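Participant: Given the structure of chain A, go ahead and fit chain B onto it with the hints provided.
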Amino acid sequence: MNVGVSLEDARDWAVDGCCEPIVPGKHNTINGGCCHINLLKIFEMALNDGLNDRNGATLMPGDGVLEDFETYEQVEAAYRKQLEFYMSMVPVFDTVTSDAHAKLTPCPLLSGMLDYRIEYGHDVEEGWGPNYNNTLSICHGSVNVGNALYAMRKLVYENEAFTPAELAAALKEDFKSDKGRKIQRQLMRAAKYGNDVDEVDYMVRDSLNWYLKGMAEYTPARGGYYCPSPQTLSANAYTGEIIGATPDGRNAGQPSADNVSPVAGSDVHGATAALRSVAKLDHAYATNGTILNMKLHPTAVSGEERIAKFASLIKSFFDLQGFQVQFNIVSADTLREAQVHPDKHKNLVVKVAGYSALFTNLDPHLQNQIIARTEHVV
Amino acid sequence: MSKKASVFNIERHALHDGPGIRTLVFLQGCSMRCKWCSNPEGLRNRRQLMYNQKLCHESYDCIKACPEDALEVAPGGVTVNRERCTACGDCVESCFTDALTIAGKEMTADEVLDIVLRDEAFYETSGGGITLSGGEPTIHADFAAELLRKCKDCAVGTAIETCGHSTAGQFQKVAQYTDVFLFDIKHVDDEKHEAFTGVGCKRIKQNFEEAAKMDKRLIVRIPVIPGFNDTAAEMNAIADYIGSVGGVEMVHLLPYHCLGLPKYQALDMEYPMGDVPGMGMDTARELLHVFDDKIDARIEV
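So the protein lines, in turn, are chains A and B.
The opening position of the first sequence corresponds to residue 321 in our numbering, with each subsequent residue numbered one higher.
The opening position of the second sequence corresponds to residue 575 in our numbering, with each subsequent residue numbered one higher.
Pulled out of the complex, with its shape left as it was, chain B reads as follows:
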């Protein structure tokens, strides 16, 4: 039986997440709670209802359609009673302005593979393939391993975007079928890591060091977050750590942005970064010199 996972987006013609032209598959569920996460619909491992009030035309058909009485009239639209909502999707069917949408769809690895293989012709000319993202793909180890193994059987290149926070067993299971790691290293101080992501970084370091030994392509991605790791001293500590592990081909700095904010509103979730504005390119660029003489680094936008 093909394994199942909840997929919240499949993006074709992705150009920023690994070599060549790629199909990016986002799995729901994450073992971390980074304050700046821009995909809040990927945090929990289940379907969720999203409501965009800007698109609401106040027809209130959704209220009639809801079998759980989870929707109520509110000024300018409706509110979702999150306790009651089961994300069944009946209201989405009744909504004709796309104000209501469901994030997350249970799919088998074979179903995802079918979509991934549609772009084989483009992988062939560009050296691309699949990139598993999330959420955190390695916590869906059985599903991810099956999907990546089947991709490799079809000569499709494989990559994962990982925060590295899963058990050694889970990580290894997925890593064996991975050609390219896009590995997030967010901080090297355990306490600060926990304060901003909900978990320490010991396990992440272990998995990172294992990945570095595997003789595969390893790219480190560092989200640059105001108040967390945006000082030269902190970036230096990260650079030293990465340098000491070795085997890293390139570092990407990802400047903080707040584009995920509307999604938090759509999920009735509070945005932990509050009103911290997005980071300018120049601020991020100033940190690049930390990596001089240590490792190739560039800004990815």
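Only chain A is shown next, with the shape it has when bound in the complex:
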């Protein structure tokens, strides 16, 4: 209802695509421009005076480099300034892509199936009309940004464990030197989203809200509303490749966290703690839905009694106002075996993002990422 849906229609909601809540028949189910925005890259640029060191371009001059920031508030302000600018670019891209979709890829069959379109006389790709029109905007790296802001506030500005300049040097050399390695360990030891630690969970929630609420302020080219969502699907693997080391302890080129899942391997206090962390986010602002990937060991569901406990686990997540969760229930050993002998495991299905995939068909990068995801061995 944050995006103009009436209560009556909202009660008739269904899930479209991966995790998008829509009203069947009334929603234009074409997601519009679907512009992806890489929050962790923006965060990196905010610590580098607005410069994208990959292409040497500065589209929005920053507030200085990391070495200059004397308070946490300056870091936050620098990031939000860059974020505001890049969010303002999203509708510009969408105007171009929406126009191209309308002209190049009309959907007459779909248009004929939806309410209002025939009377209205325009293809769904053109938007507008009496339908609910959502334009999807997707962000990447939101969990890493929250973790990074928290680690910086705690270690650099509260505990003064190291200076901004020392951190900047460690990031530049990707934590390679002895000193860099130590700084990385300290960053990794700072509390992480996914362990039911309020301080860092709320940092992830708040920094994600800057984007979710910010995008909702814009009107898309096709009318209706922007429906932002931190659904990276599986693209977080390659969007991480263009980002150097980050202050959450992540090495250069590594994937960011997928969707709203904790960073792979960082949730170490059990499934209930991870679910509670995720449930703390303001899912209602993510109007195109959220996705949580969770991996469980097969012993968690062996036998009737444990299947009942598994059902309780899911039910409680929704009682806590979670939005969506999907499970991979397979041991890491099996997955590693499947990497070595793909022929023997052709039927091994894993859930990746909003769809199921055959594990052996995924590229090795993504396979490793699934293996690395914390196994909640119970």
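A portion of the hints provided could be inaccurate.
Output of the computed footprint for chain B on chain A, the stretches with three or more beta carbons under 8 Å from beta carbons of chain B [to be verified]:
| no. | region |
| --- | --- |
| 1 | 491-503 |
| 2 | 636-647 |
| 3 | 682-692 |
Hints were generated in silico from the structure; no laboratory data involved.
Keep in mind the model is a prediction, meaning the values are calculated, not measured.
A virtual CB, placed ideally from N, CA and C, is assigned to each residue, including glycine.
Facilitator: Positioned in the frame of chain A, the structure of chain B alone reads:
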């Protein structure tokens, strides 16, 4: 004042230790010395330094950080002088590869309760709650009773994993706030019990019989240990005893494993079971028939 105890682990989303989804709280300190114990860091009632050489990167920062000069260079890492080490944790702070860790943290019952209550939503749907384990929880009677009473006040279910070896007074104090007992019966022969656990089983039997009278859920757990109780005759004697006491809902057989071995190494302790290999499931399964016609029994892994 909320009572204190040394806690060496709190495991959330525990599925094997009582009904529903549980939070398992491990207290340090045990009144027995079972040769096969897989939690050696829980035996003594105090913080201890653990050192995992496999993770050591030989930076030797820990040696500089130690205020007691308790760490020395050794091939491939360091050695801990256990006489000198006070488990202050300064070396842990300096260690960036987690080779050094501290087992045990002094916590009040209220602090533990705060963590336990975080999973209320999961207890509610699954019928779960807290399970106190150890070490031996009943020897921390005041702390355990306070914590379990406060859990019950918050409608959180309570269970204890107990070896039963504490005074009648201690045991009763905790038992009154316990919904489910996971009660270890390891052997019924006093001498053999003492040879393998350091104590006889008279006191354990007394507490077990008291627990059986309390009209609460009583589950017996039997670790199946090679050379100790893994014959049909010995298991039969245990089954007869449990049957004669009555009131037992279920028996769990826990096959011997040696997963605790790396922890002994990390504590510079000798593993009393030596190189006895872990027990296969089939061996344990063969003993299940002893309980046929007497009581429900199953293997727990």
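Participant: Please flag the earlier hints that this structure goes against, numbers listed from lowest up.
Facilitator: Going through the list in order, the structure violates hint 3 alone and respects the others.
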